[in-house]
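Let the hints inform the model, and build the full structure from the sequences given.
Start counting the sequence shown at 1; every next residue gets the next number (the working numbering).
To be clear, the hints were calculated from the coordinates, so they are not data collected in a lab.
The model shown is predicted, which means the values in this text are computed figures rather than measured ones.
Heads up, the beta-carbon is just placed ideally off N, CA and C, and yes, glycines get one too.
Watch out, some of these pointers could steer you wrong.
Think about it this way: if two alpha-carbon atoms lie no more than 25 angstroms apart in a straight line, the pair counts; the simulated DSS-like pairs of lysine-lysine are [claimed, not checked]: (1) LYS419 with LYS455; (2) LYS137 with LYS91; (3) LYS412 with LYS395; (4) LYS429 with LYS311; (5) LYS274 with LYS214; (6) LYS455 with LYS314; (7) LYS419 with LYS314; (8) LYS214 with LYS137; (9) LYS395 with LYS444; (10) LYS135 with LYS283; (11) LYS214 with LYS135; (12) LYS91 with LYS9; (13) LYS458 with LYS444; (14) LYS314 with LYS444; (15) LYS9 with LYS135; (16) LYS135 with LYS10; (17) LYS91 with LYS135; (18) LYS385 with LYS361; (19) LYS4 with LYS135; (20) LYS409 with LYS429; (21) LYS91 with LYS10; (22) LYS59 with LYS9; (23) LYS283 with LYS272; (24) LYS361 with LYS395; (25) LYS396 with LYS412; (26) LYS4 with LYS59; (27) LYS283 with LYS314; (28) LYS455 with LYS311; (29) LYS306 with LYS283; (30) LYS214 with LYS314; (31) LYS272 with LYS237; (32) LYS135 with LYS107; (33) LYS9 with LYS93; (34) LYS444 with LYS455.
Label pairs and their in silico Cβ distance ranges [unchecked claim]: (35) TRP323 with LYS135: 33 to 43 angstroms; (36) GLN243 with GLN34: 30 to 40 angstroms; (37) ALA398 with THR212: 51 to 61 angstroms; (38) LYS385 with GLU267: 21 to 31 angstroms; (39) LYS400 with SER350: 36 to 46 angstroms.
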Amino acid sequence: MTIKDIADKKVLILGLGREGESTYRLFRRLWPDQRLALADQNDLSQLGGFWSEVARQDKQVEFILGSDYLDAVNHYQVVVRSPGISLKKIKLKQATITSQTELFLQKVRDRTIGISGTKGKSTTAGLVHHLLQSKKKVFLVGNMGRPALDFWSEADDPNAWFVYEMSSHQLDGLTISPHQAIFLNLMPDHLDYFGQLDAYYQAKINLIRYQTPKDLLVYNQADDHLRATIAISLAQKIPFSPQPDEGSVCFWQESQLYYQAPGEVPEVVLNKEKLNQLHPTVKVNIMPAVILAKMAGLSNQEISDKLLDFKPPKHRLEFIGQWQGIFFYDDSAATIPAATISALRSLEHSVDTLIIGGSEKGIDFEELAEEIIRAGVSHLISFPKTGPEIVALVKKQALKKGQPAPSVKEVKDMAEAVKHALEVTAPQKVCLLSPASASFTNFKNYQARGEAFQKWVKEMSRH
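Here it is in structure tokens:
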């Protein structure tokens, strides 16, 4: 479905968060007098000032609010669904379901670089955008940037490119894939939404499912799930790997980053000296960004210089500062075990206190428990609901390996967590917030969780 197909239809904007607001703004600009229905589970007082103003000024809208808001779906011809709203239990009749991502790609897929994976997509999207800016007019879109439809006018420029970070919720139900795709990894996640692991994987695979032989796929060939999955894409395939695996165009070897174009001799893009100046999350996510930068014509020196200027996204192994001799890191965006495992390995046995736990996603924490023991973490601070589950597995692993288990403190708010961390963390060691869980038990989102951590660390450390 394209934007032209929506004109003069009975339209429902489903979900009035960031994307819903963006969709409304565009539709109202394109069709000032068209009737629009707006649906959300929250009432008007919870939705904020923007929607209160819409309700007051726009007489051509109908609000459908409250717990039964999904019942409205079949009363409309077109439903523009916000990410994360599931219609799997709704028996669809006349409604055609679309999304911001679908509408945007229908307009500009040939100039879109779509980036997805279970972890690392925000940092990778930021790196790609940062490196390509010197060669292209490029915009950062999606989870990390602004909503896609905010760039509707910019998409009219044939020279404009869009780096689009795509979550599983944005990919779910998609029937079009971006011209260039970066696929980082596939791990269990969002089972609370998708129910089964295969349903989550199938949503992710929409990133490449509809690619053509004229398209491009940059992928991590060290990921077993991806190697079994990429055959579905007809695109030209360019692999990268943490090791110099056969065919890898970009890889690490002896603490140096290499790029090897097909038929060419490997060249060093980043040497050991520059490597030590990079943020840990950059080292992990750098390879696909380097591939696109080299294809765009950046020299190794240009890439190296720009990488040193890059600031990773907030709440991703973000160094907050040192207080009372303790190093504090905010990794609130670690909402799955694999991300916390990566953080523990990046900080190399320096984590003394780990703050874990949050809302349930239906994911196994066994491997994380093993890593916590291996990393030598001394203290665990546990949030509900998943914190106690992780703690129980850690104690089991400690007993199995004949090692002492970390001390445990169960908390209900971030102030209590930080207060305890200041009391127990050894000087010159790390206190790491890396929950391995979503935030919704105690916080609106992982950003709010990270901001609370930073606030209390800075406030309590002054005393």
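Hint check:
| no. | hint | result |
| --- | --- | --- |
| 1 | LYS419 with LYS455 | holds (12 angstroms) |
| 2 | LYS137 with LYS91 | violated (43 angstroms) |
| 3 | LYS412 with LYS395 | holds (21 angstroms) |
| 4 | LYS429 with LYS311 | holds (23 angstroms) |
| 5 | LYS274 with LYS214 | violated (35 angstroms) |
| 6 | LYS455 with LYS314 | holds (14 angstroms) |
| 7 | LYS419 with LYS314 | holds (22 angstroms) |
| 8 | LYS214 with LYS137 | holds (22 angstroms) |
| 9 | LYS395 with LYS444 | violated (30 angstroms) |
| 10 | LYS135 with LYS283 | holds (22 angstroms) |
| 11 | LYS214 with LYS135 | holds (22 angstroms) |
| 12 | LYS91 with LYS9 | holds (20 angstroms) |
| 13 | LYS458 with LYS444 | holds (21 angstroms) |
| 14 | LYS314 with LYS444 | holds (16 angstroms) |
| 15 | LYS9 with LYS135 | violated (41 angstroms) |
| 16 | LYS135 with LYS10 | violated (42 angstroms) |
| 17 | LYS91 with LYS135 | violated (48 angstroms) |
| 18 | LYS385 with LYS361 | holds (10 angstroms) |
| 19 | LYS4 with LYS135 | violated (32 angstroms) |
| 20 | LYS409 with LYS429 | holds (18 angstroms) |
| 21 | LYS91 with LYS10 | holds (18 angstroms) |
| 22 | LYS59 with LYS9 | holds (18 angstroms) |
| 23 | LYS283 with LYS272 | holds (12 angstroms) |
| 24 | LYS361 with LYS395 | holds (21 angstroms) |
| 25 | LYS396 with LYS412 | holds (24 angstroms) |
| 26 | LYS4 with LYS59 | holds (23 angstroms) |
| 27 | LYS283 with LYS314 | holds (16 angstroms) |
| 28 | LYS455 with LYS311 | holds (20 angstroms) |
| 29 | LYS306 with LYS283 | holds (14 angstroms) |
| 30 | LYS214 with LYS314 | violated (35 angstroms) |
| 31 | LYS272 with LYS237 | violated (29 angstroms) |
| 32 | LYS135 with LYS107 | holds (22 angstroms) |
| 33 | LYS9 with LYS93 | holds (15 angstroms) |
| 34 | LYS444 with LYS455 | holds (16 angstroms) |
| 35 | TRP323 with LYS135: 33 to 43 angstroms | holds (41 angstroms) |
| 36 | GLN243 with GLN34: 30 to 40 angstroms | violated (55 angstroms) |
| 37 | ALA398 with THR212: 51 to 61 angstroms | holds (52 angstroms) |
| 38 | LYS385 with GLU267: 21 to 31 angstroms | violated (49 angstroms) |
| 39 | LYS400 with SER350: 36 to 46 angstroms | violated (24 angstroms) |
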